[in-house]
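Here the protein sequences line up with chains V, C and H, keeping their order. Under the numbering used here, the first residue of the first sequence is numbered 1, with each subsequent residue one higher. Under the numbering used here, the first residue of the second sequence is numbered 1, with each subsequent residue one higher. Under the numbering used here, the first residue of the third sequence is numbered 1, with each subsequent residue one higher.
Because the hints were derived from the structure by calculation, they are not lab data. We put the CB at the ideal spot given by N, CA and C, even for glycine. Wrong hints could be hidden among the right ones.
EDC-like cross-link-like pairs, simulated, lysine to aspartate or glutamate; straight-line CA separation at most 16 Å [what the hints assert, rightly or not]:
1. Lys35(H) x Glu110(H)
2. Lys27(V) x Glu69(C)
3. Lys117(H) x Glu104(H)
4. Lys117(H) x Asp158(V)
5. Lys35(H) x Glu112(H)
6. Lys35(H) x Glu111(H)
Quick list of the computed label-pair ranges, beta carbon to beta carbon [as the list claims (entries may be wrong)]:
7. Asp9(H) x Asp279(V): 26 to 36 Å
8. Gly32(C) x Pro67(H): 16 to 26 Å
9. Leu56(C) x Ala8(H): 50 to 60 Å
10. Asp158(V) x Thr83(H): 30 to 40 Å
11. Val200(V) x Asp68(H): 32 to 42 Å
12. Gly191(V) x Phe89(C): 27 to 37 Å
13. Glu53(H) x Arg367(V): 50 to 60 Å
Incomplete in silico selection of chain V near chain C, CB under 8 Å [claimed, not checked]:
14. His7
15. Ile10
16. Val14
17. Leu17
18. Phe18
19. Ile21
20. Ala24
21. Phe25
22. Tyr62
23. His63
24. Leu64
25. Gly65
26. Gly66
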Amino acid sequence: MSAAWLHLPILQVVLPLFGAIAAAFLKRSASAFALALVVSWLMPVIAGALLWQVLTGGPVSYHLGGWEPPWGIEYRVDLLNAFVLLLISAIGAVIMPAARRSIDLEIEADRQPRFYCMFLLCLTGLLGIAITGDAFNAFVFLEISSLSTYVLIALGPDRRALLAAYRYLIVGTIGATFYVIGVGLLYLVTGTLNMADLAVRIGPAWEAQSRAIIAALGFITVGVGLKLALFPLHAWLPNAYTYAPSWVTVFLSASATKVAIYLLVRFYFSVFGSAVDLDLLPVATFIVALSVAAMFLASISAVFEPNLKRMLAYSSVAQIGYITLGIGLQNQAGVTGGLVHIVNHGMMKAALFLAAGAVLLRVRTVRIAELAGIGRKMPWTMAAFSVAGLGLIGTPGTTGFVSKWYLVLGAIERGWWPLAFLIVASSVIALVYVGRFLEIAWMREPAEGLAEAADPPGSVLLPLLILAAATIYFGLDTALTAGIAGQAAQSLLGGMR
Amino acid sequence: MSLDLILRIGTKLILPFILLFALYVQFHGDYGPGGGFQAGVIAAGMVILVSITFGLAAAKQVAPQAMVERMIPVGLLIYAGTGAAGFLFGRNYLDYSSFAHDPAHGHELGILLVEFGVLITVSGTMVSLFYAFVERGR
Amino acid sequence: MDFFRTVADHYNYVITIFVMVAGLYIVTSRGNLIKKLVGLAIFQTSVYLLYIEPGKILGGTAPILHPDFTVYSNPLPHVLILTAIVVGVATLALGLALVVRINEAFGSIEEEEIIEKDRAP
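Using the sequences and the hints, build the whole thing.
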């Protein structure tokens, strides 16, 4: 046991990789599902143990191949990564049981083992980005997760899924290439790829090479911004989320964009922030402006959207705006709000998309107009949807309120009063689009097409209820989420110049 | 088919040499340019040449589809397994130092195994890509 | 004159940037899905140049320690770019596979025609 204890960082990445290899050998979909279930349930155990190691003994460093950093690749887990790792693996573990029924509906039986193989590969990539301390290694994991994501999206039942996957491939590759250009520029300036080492070496190089460093920050911000769907680089997201298989959307909405946000935070605060005075690099104002635009414009798109899944996708773009807003605020409360919203939004959006998937499972449509009175036919599903929807609005008692509370505090601390007002105002738009659907779902007489609708089977309903319960629980008890996010924000900001 | 006699005889003559060259590139990769990627592509090129000259059915006798598709995860398994073998000696992932009596030879052996995995995966991928695209055209 | 000298001294970067912008331009300006992928491949190639060029030291040899040589080229960019090339090939292969499927599903690989067919199913 003690041996495995030391190797936890690599096991976090290699176990899903071995799972993916094993799934590629399997012919039966049931065994592939069982394998994916076992692997995805092991992941939060490892992530939890890592978090425990970090909380008790400080950052964990693992040297691949026994090579010392900065020469070798280092996996470095501090509070921030441990937090992100736990989020992704926990969401994956909670929603995994729902995969079987949802996938049976949308993907042919002979393709299913490969679907689970791709999912595990995607999980490998996402966890890899979150754990690695090497800038180029992060690019490789970024591409592993992206390539498998394109495949997962293309497996969607509608032929438009192919086009959505193709467009995501083009945009995603441009994003990843921008990122690698930025890393290349940093490598030219400093001669290192280890993130901690970069942070040390950028400072001395600033005098002579400030232009290259600013260009690098620009490339990395735009590249990662494409991946995390920062407004206005979000054009790929609505279609990809709408046409992907429902379960894939659930997983991606809670993980893929969140990991990209982590990467941005890591570069912004740990690498650039600790090396140079960030006020010399006018990125923060830019990010805040784009975030506010996302909060309003994407929310307004959501209000007028007739398709439930796409409405939620636009809402994702808006919610990502809140996260990036917190990052742009650059103070304790703001960054805490941004980080905690990574987790809170992950839980809420997973619940919402899972409810949409359950509706699709029972009624075969997600057009809002055809879902009148769905609440009376699928009460538990819609109850969970309502709870998560209230979280999206930021109702007190839900996780959404916690995030927005910190964001408003952060805005006030900066002295940006209008911004605090805008955060509250944008919540009203969320109230409009969530409320519009809830009114249709609960208040109207059930439509004719819904005669046979009923709550989904337990394997789908239980994860949904767990996520909805978590939305309330973490809204009341913020010790775990906001507590750790606060500590992570403190260490990020404490290392800054 | 009788018209392309030179092509068919010529192909048959050079096939073993292509495979031999692939192995040369593979194992000489320690000392010069080469390695699993290049060797894998060359080996896959042999199957593709067979397919172009004698038809897809003949190529599938040389490299059956099921085998080719299995080669992709098998190679990956060799690669990842070599990395995990470090655990057996109480070392980190991808640390080959304990594979032989001294670390330098251990590294050499580790890289050799990894490159062998790469060879299998790359040639499997190339051939299955080729099969997939050829069959689509029909 | 200074400007031209700077450009001439850094001609490798000029080439890199030209290839980079040319690739991006193709991606954005062409409606043909395959041409877009070609542009994407060209764009990625520029990154290979960006990494590889500075790694070469004039007069340097392969980085194998030997008493006769003192100047070596930097091998790390090559290793990184070997990885990036593999990633690029995988992306291109996946992109082409998607185009094949799109062609089967929509009967076209021109973006405008596909969007039109999508409107009137």
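Each hint tested on the structure:
1. For a cut-off of 16 Å, the pair hint linking Lys35(H) to Glu110(H) stands: about 10 Å separates their Cα positions.
2. Between Lys27(V) and Glu69(C) the CA atoms are separated by roughly 12 Å; this keeps the pair inside 16 Å, and the hint holds.
3. This hinted pair checks out: Lys117(H) and Glu104(H) have alpha carbons roughly 13 Å apart, not beyond 16 Å.
4. A threshold of 16 Å between alpha carbons decides the hint, and for Lys117(H) with Asp158(V) the separation of about 14 Å falls inside it, so the pair holds.
5. For the hint linking Lys35(H) to Glu112(H), the alpha-carbon distance of about 14 Å falls within 16 Å, and the restraint holds.
6. As the CA atoms of Lys35(H) and Glu111(H) are separated by approximately 11 Å, the hinted pair is consistent with the 16 Å bound.
7. Look at Asp9(H) against Asp279(V): about 33 Å separates their beta carbons, and that is inside 26 to 36 Å.
8. Remark: the range hint 16 to 26 Å for Gly32(C) to Pro67(H) is upheld by a beta-carbon distance near 20 Å.
9. At roughly 53 Å, the beta-carbon separation of Leu56(C) and Ala8(H) lies within the given 50 to 60 Å, and the hint holds.
10. As the Cβ distance of Asp158(V) to Thr83(H) is approximately 34 Å, the hint placing it in 30 to 40 Å holds.
11. As the Cβ distance of Val200(V) to Asp68(H) is approximately 35 Å, the hint placing it in 32 to 42 Å holds.
12. Between Gly191(V) and Phe89(C) the beta carbons are some 32 Å apart, a value that agrees with the proposed interval 27 to 37 Å.
13. Between Glu53(H) and Arg367(V) the C-beta distance comes to about 54 Å, which sits within the given range of 50 to 60 Å.
14. Checking His7(V) against chain C: minimum C-beta separation of about 7 Å stays under 8 Å; hint holds.
15. Interface restraint check: Ile10(V) against chain C, minimum CB-CB distance 4 Å, threshold 8 Å, status holds.
16. Taking 8 Å as the C-beta cut-off, the interface hint given for Val14(V) holds, the closest approach to chain C being about 6 Å.
17. The beta carbon of Leu17(V) comes within 6 Å of a beta carbon in chain C, closer than 8 Å, and the hint placing it at the interface holds.
18. Annotation: Phe18(V) was flagged as interfacial toward chain C, and the flag holds, the nearest CB pair being 6 Å apart, inside 8 Å.
19. For Ile21(V), the interface hint holds, the least distance from its beta-carbon to any beta-carbon of chain C being 5 Å, beneath 8 Å.
20. Evaluation of the Ala24(V) hint against chain C yields a held restraint, the C-beta minimum of about 4 Å falling below 8 Å.
21. Among the interface hints, the one on Phe25(V) holds; its C-beta lies about 6 Å from the nearest C-beta in chain C, closer than the 8 Å criterion.
22. The interface hint given for Tyr62(V) is met, as the beta carbon of that residue sits about 7 Å from the closest beta carbon of chain C, less than 8 Å.
23. Nearest Cβ of chain C to the Cβ of His63(V): about 6 Å, under the 8 Å cut. The hint holds.
24. Below 8 Å, beta-carbon pairs count as interface contacts, and Leu64(V) has one with chain C at about 5 Å; its hint therefore holds.
25. Checking Gly65(V) against chain C: minimum C-beta separation of about 4 Å stays under 8 Å; hint holds.
26. Here the hint on Gly66(V) is kept, as its CB sits about 4 Å from the closest CB of chain C, short of 8 Å.
When the structure is compared with the earlier hints, no violation turns up for any of them.
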